[in-house]
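Can you make the complete structure from the sequences, with help from the hints?
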Amino acid sequence: MNDVYSMRLKISQIENGQYLAESDDMPGLIAQGRSISETIEIAQDVARKLLESYIEHGDPIPVTFKPIEEKIELDIAVGV
5 MNDVYSMRLK
15 ISQIENGQYL
25 AESDDMPGLI
35 AQGRSISETI
45 EIAQDVARKL
55 LESYIEHGDP
65 IPVTFKPIEE
75 KIELDIAVGV
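Straight run, no breaks: the sequence shown in this note's numbering ends on number 84.
Just so you know, these hints were derived from the structure itself, not from any lab. Some hints here could point you the wrong way.
Derived DSSO-like pairs (lysine-lysine); straight-line CA-CA distance at most 30 Å [claimed, not checked]:
id, residue 1, residue 2
1, Lys70, Lys53
2, Lys75, Lys14
3, Lys75, Lys53
4, Lys70, Lys14
5, Lys14, Lys53
Quick list of simulated restraints, FRET-style, between CB atoms [claimed, not checked]:
id, residue 1, residue 2, range
6, Glu45, Glu73, 19 to 27 Å
7, Lys75, Glu26, 24 to 32 Å
8, Ile59, Arg38, 27 to 35 Å
9, Val67, Gly21, 32 to 40 Å
For every residue, glycine included, the Cβ atom is placed at its ideal position computed from N, Cα and C.
Here it is, written out as structure tokens:
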């Protein structure tokens, strides 16, 4: 698969100090990591596998997923 899609993640810190990512764009996507960057990386991998499964089984890609054409704008967290 060569298409690249954009989705929004919600990342929150949980009780054990780790981070949890969920997405309204992809129901069922849950990823947990020790840092925000690790959590994003895991979420990307989970989303990729879910998308591959949708395609393999002929299921529609969620309409909230938007193909990235040429440019993407991101909000990033910067800790101080």
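Structure-based check of all given hints:
{"no.": "1", "hint": "Lys70 with Lys53", "in the structure": "holds, 17 Å"}
{"no.": "2", "hint": "Lys75 with Lys14", "in the structure": "holds, 21 Å"}
{"no.": "3", "hint": "Lys75 with Lys53", "in the structure": "holds, 24 Å"}
{"no.": "4", "hint": "Lys70 with Lys14", "in the structure": "holds, 17 Å"}
{"no.": "5", "hint": "Lys14 with Lys53", "in the structure": "holds, 19 Å"}
{"no.": "6", "hint": "Glu45 with Glu73: 19 to 27 Å", "in the structure": "holds, 23 Å"}
{"no.": "7", "hint": "Lys75 with Glu26: 24 to 32 Å", "in the structure": "holds, 26 Å"}
{"no.": "8", "hint": "Ile59 with Arg38: 27 to 35 Å", "in the structure": "holds, 31 Å"}
{"no.": "9", "hint": "Val67 with Gly21: 32 to 40 Å", "in the structure": "holds, 35 Å"}
The structure meets every hint from the earlier list without exception.
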